[in-house]
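Participant: Sequences listed follow chains A and B, in order. Be aware that the first sequence starts at 4, since it is given in the working numbering, and climbs by one per residue. Be aware that the second sequence starts at 12, since it is given in the working numbering, and climbs by one per residue.
Hints are computed from structural coordinates only; laboratory data are not their basis. Please note that a few of the clues may not be correct.
Unchecked claim - Computed spacing ranges between beta-carbons, pair by pair:
no.: 1; chain 1: A; residue 1: His298; chain 2: B; residue 2: Leu360; range: 23 to 31 angstroms
no.: 2; chain 1: A; residue 1: Asp264; chain 2: B; residue 2: Arg364; range: 35 to 43 angstroms
no.: 3; chain 1: B; residue 1: Val42; chain 2: A; residue 2: Arg82; range: 29 to 37 angstroms
no.: 4; chain 1: B; residue 1: Thr214; chain 2: A; residue 2: Gln96; range: 49 to 57 angstroms
Claimed, not checked - Keeping only pairs whose Cα atoms sit at most 20 angstroms apart, straight-line, the calculated EDC-like set for lysine to aspartate or glutamate is:
no.: 5; chain 1: A; residue 1: Lys132; chain 2: A; residue 2: Glu99
no.: 6; chain 1: A; residue 1: Lys100; chain 2: B; residue 2: Glu38
no.: 7; chain 1: A; residue 1: Lys100; chain 2: A; residue 2: Glu64
no.: 8; chain 1: B; residue 1: Lys200; chain 2: A; residue 2: Glu94
no.: 9; chain 1: B; residue 1: Lys110; chain 2: B; residue 2: Glu133
no.: 10; chain 1: B; residue 1: Lys201; chain 2: A; residue 2: Glu94
no.: 11; chain 1: B; residue 1: Lys204; chain 2: A; residue 2: Glu180
no.: 12; chain 1: B; residue 1: Lys200; chain 2: B; residue 2: Asp171
no.: 13; chain 1: B; residue 1: Lys201; chain 2: A; residue 2: Glu105
no.: 14; chain 1: A; residue 1: Lys132; chain 2: B; residue 2: Glu40
no.: 15; chain 1: B; residue 1: Lys110; chain 2: B; residue 2: Glu130
no.: 16; chain 1: A; residue 1: Lys100; chain 2: B; residue 2: Glu40
no.: 17; chain 1: A; residue 1: Lys186; chain 2: A; residue 2: Glu200
no.: 18; chain 1: B; residue 1: Lys201; chain 2: A; residue 2: Glu131
no.: 19; chain 1: A; residue 1: Lys186; chain 2: A; residue 2: Glu308
no.: 20; chain 1: B; residue 1: Lys204; chain 2: A; residue 2: Glu94
no.: 21; chain 1: B; residue 1: Lys200; chain 2: A; residue 2: Asp157
no.: 22; chain 1: A; residue 1: Lys100; chain 2: B; residue 2: Glu34
no.: 23; chain 1: B; residue 1: Lys201; chain 2: B; residue 2: Glu34
no.: 24; chain 1: B; residue 1: Lys204; chain 2: A; residue 2: Asp81
no.: 25; chain 1: B; residue 1: Lys201; chain 2: A; residue 2: Asp30
no.: 26; chain 1: B; residue 1: Lys110; chain 2: B; residue 2: Glu124
no.: 27; chain 1: B; residue 1: Lys201; chain 2: B; residue 2: Glu280
no.: 28; chain 1: A; residue 1: Lys100; chain 2: B; residue 2: Asp196
no.: 29; chain 1: B; residue 1: Lys110; chain 2: B; residue 2: Glu99
no.: 30; chain 1: B; residue 1: Lys204; chain 2: A; residue 2: Glu83
no.: 31; chain 1: A; residue 1: Lys100; chain 2: A; residue 2: Glu83
no.: 32; chain 1: B; residue 1: Lys204; chain 2: A; residue 2: Glu121
no.: 33; chain 1: B; residue 1: Lys200; chain 2: B; residue 2: Glu38
no.: 34; chain 1: A; residue 1: Lys132; chain 2: A; residue 2: Glu105
no.: 35; chain 1: B; residue 1: Lys200; chain 2: A; residue 2: Glu180
no.: 36; chain 1: B; residue 1: Lys200; chain 2: B; residue 2: Glu74
no.: 37; chain 1: B; residue 1: Lys204; chain 2: A; residue 2: Glu200
no.: 38; chain 1: A; residue 1: Lys132; chain 2: A; residue 2: Asp81
no.: 39; chain 1: A; residue 1: Lys186; chain 2: A; residue 2: Asp157
no.: 40; chain 1: B; residue 1: Lys110; chain 2: B; residue 2: Glu159
Since we're looking at a predicted model, the values are computed, not measured. The beta-carbon is built from N, C-alpha and C at its ideal position, and this holds for glycine as well.
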Amino acid sequence: MTGTAASSPPLFVRGLRKRYADVVAVDGLDLEIRAGECFGLLGPNGAGKTTTIEICEGLTEPDEGEVLVLGRRWGERDRELRSLLGISLQETQFSEKLTVGETVRLFRSFYRRGPTVEAVIATVQLQEKRGARVGQLSGGQRQRLALACALVGDPTLLFLDEPTTGLDPQSRRQLWELIERFKAAGRAILLTTHYMEEAERLCDRVAIVDHGRVIALGTPGELVASLSAEHVVEFALGQGARVDEGALRGVAGVAAAARRDGTWRVRVAELHRAVPALIAELHRQDVQLTELRTHSATLEDVFVELTGRQLRDE
Amino acid sequence: MTSERRGWRDHPLVQLTLVRYREFFREPEAVFWVFVFPVLLTAGLGIAFRNQAPVPTRVAVIERGEASRAVVEALGRSGDLLAQELPEAAATDALRTGKVAIAVAPREAGGIEYRFDDERPESRAARLLVDDALQRAAGRSDVVRVTERRVHEPGSRYVDFVVPGLLGMNLMGSGLWGLGFTIVDARRKKLLKRLIATPMSRTQFLASFVLSRLTLLIIEVGALVGFALLAFGVPVRGSLLSLLAICLLSALAFGALGLLLASRARTIEGVSGLMNLVMLPMWIFSGVFFSASRFPDALQPFIQALPLTAVNDALRASMLEGAGWARLAPELAIIAAWLAVSFTLAVRLFRWR
Numbered sequence: 004m005t006g007t008a009a010s011s012p013p014l015f016v017r018g019l020r021k022r023y024a025d026v027v028a029v030d031g032l033d034l035e036i037r038a039g040e041c042f043g044l045l046g047p048n049g050a051g052k053t054t055t056i057e058i059c060e061g062l063t064e065p066d067e068g069e070v071l072v073l074g075r076r077w078g079e080r081d082r083e084l085r086s087l088l089g090i091s092l093q094e095t096q097f098s099e100k101l102t103v104g105e106t107v108r109l110f111r112s113f114y115r116r117g118p119t120v121e122a123v124i125a126t127v128q129l130q131e132k133r134g135a136r137v138g139q140l141s142g143g144q145r146q147r148l149a150l151a152c153a154l155v156g157d158p159t160l161l162f163l164d165e166p167t168t169g170l171d172p173q174s175r176r177q178l179w180e181l182i183e184r185f186k187a188a189g190r191a192i193l194l195t196t197h198y199m200e201e202a203e204r205l206c207d208r209v210a211i212v213d214h215g216r217v218i219a220l221g222t223p224g225e226l227v228a229s230l231s232a233e234h235v236v237e238f239a240l241g242q243g244a245r246v247d248e249g250a251l252r253g254v255a256g257v258a259a260a261a262r263r264d265g266t267w268r269v270r271v272a273e274l275h276r277a278v279p280a281l282i283a284e285l286h287r288q289d290v291q292l293t294e295l296r297t298h299s300a301t302l303e304d305v306f307v308e309l310t311g312r313q314l315r316d317e
Numbered sequence: 012m013t014s015e016r017r018g019w020r021d022h023p024l025v026q027l028t029l030v031r032y033r034e035f036f037r038e039p040e041a042v043f044w045v046f047v048f049p050v051l052l053t054a055g056l057g058i059a060f061r062n063q064a065p066v067p068t069r070v071a072v073i074e075r076g077e078a079s080r081a082v083v084e085a086l087g088r089s090g091d092l093l094a095q096e097l098p099e100a101a102a103t104d105a106l107r108t109g110k111v112a113i114a115v116a117p118r119e120a121g122g123i124e125y126r127f128d129d130e131r132p133e134s135r136a137a138r139l140l141v142d143d144a145l146q147r148a149a150g151r152s153d154v155v156r157v158t159e160r161r162v163h164e165p166g167s168r169y170v171d172f173v174v175p176g177l178l179g180m181n182l183m184g185s186g187l188w189g190l191g192f193t194i195v196d197a198r199r200k201k202l203l204k205r206l207i208a209t210p211m212s213r214t215q216f217l218a219s220f221v222l223s224r225l226t227l228l229i230i231e232v233g234a235l236v237g238f239a240l241l242a243f244g245v246p247v248r249g250s251l252l253s254l255l256a257i258c259l260l261s262a263l264a265f266g267a268l269g270l271l272l273a274s275r276a277r278t279i280e281g282v283s284g285l286m287n288l289v290m291l292p293m294w295i296f297s298g299v300f301f302s303a304s305r306f307p308d309a310l311q312p313f314i315q316a317l318p319l320t321a322v323n324d325a326l327r328a329s330m331l332e333g334a335g336w337a338r339l340a341p342e343l344a345i346i347a348a349w350l351a352v353s354f355t356l357a358v359r360l361f362r363w364r
């Protein structure tokens, strides 16, 4: 690879801004991806993830800010830079009348170097579908085809925009395995997602994005640890039941308590101490418990903590 | 597992052009409209408007006893007339409904009355034939000796007129749809955006349309002209080279127009509307099914400037009259101007995303 690519970070973004007619999509965003790293942009729909990644891909012009891809700026020798990138856009529909093999071969023809068509198809495990028309593929198979088309040029940096959105859990896991294998080969990846499990499983570092800005940055472990309470207790009460919120926060080991859509979410450090104390407190207040769940804190809880909203408003 | 050396089939331009063919031939409707439909239309029009052996003109003779019988007998001697005695009311009816071209009424006082509609060309012809037959029967002799020679020349029939028009219409339709539809569909599916995210050359992408159109063109023109030639003997009097050159230039011009119409549209509905808006006036004004000269003089400058008018005029001049390059130059210049203007505008307006 070229000298600049080796010495500078795969992707460097500073002060990025992009405004559309009536909305600010990206509002002063900074990013830096390290060599060999899988970096995740995690945020709800409309947070500015796709606009950011498409600016990095050289498909959208930013209003302001600096973008260095493999040490280079867009606008000079673009085709050479494109030959070093692998890109999977959100919602690309390949021509339904072509077969898998024909589609991969078409994309392969645009790159001077890279794996053979057969090798790429084997990588994404579509050998059996090689002669099938794209129109007959399932959602998961189409996403794997998109990944194949991103890999045909043996990219140094891979951009994946919501690679598993809309897939069933099994197809999603299959795609994760493919991305992990690509990661193991030491290439850098920028991935956007609104699935916290995806970010937790695949990403070395995650930037949580909301309203076009990075509101938290770190490894998934660091971000969760920043909550200073590793578990979440969720419970719901019988109809008309009222709870003394102050008393709830006063329970030993409770770090925060908030109610949303009829469900209380309480963050605690130690489950085995906090849960009995919470139940005792609810018993004291004489309210009826209809539901009780606990889980280890996740990136989702980090997002809720930072924004007061859920990642996926379903 | 990496490879660098590849054959000519893996050249991006070859791959892109192959995609054009695959997308076209795997769409049976497109194949039907481009190749089969024009041939069927030619067959239909050729049969419906074929020249028929002259049929005798029907004449009603109003019943007046001896007088009308003599008239029927006199008319019967002419091979061109078929006379029939009818009561007055029935004769008037037959004339009104067009079953006969003229009604002949012998007068009691002697002499004959012709009843016919002077706005109907066949009635005016019938009047001359009937009068000629009756005057001869009464003893008139010709003062000038005449001889006749009957001529049926290919090139003057309706099918000869309509085949170049259909060819022009087909070139327009496949050029506009072939580019416009495919490009807007790819834009709608974000495939255009995905393609420009690769190192693909944008020039080669557009060139693949030109290449595939040109090869399909040969089949398209060959099928229609070949069928017209074999089934109806439609003449190709000009050189094949000039016919191909006209088709080539026209296909490029209509392709550029299709590119222009598709340069911004995001939906199939949007581009379909634009295409119909552009094509409809040309179907009517550009002399596909009937001569453009039927429109008033005031409209002629507009009509002559339309690309399809120039294409149809050039095709007719070449096929029917065997016109050479010098005769074709004005039409070719109009087509080339459409090509240049459309392409320049299209490149300037085109959006890849």
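Participant: Report the numbers of all earlier hints that the structure fails to satisfy, in ascending order.
Facilitator: 1, 4, 7, 11, 12, 14, 18, 19, 21, 25, 31, 32, 35, 36, 37, 38, 40
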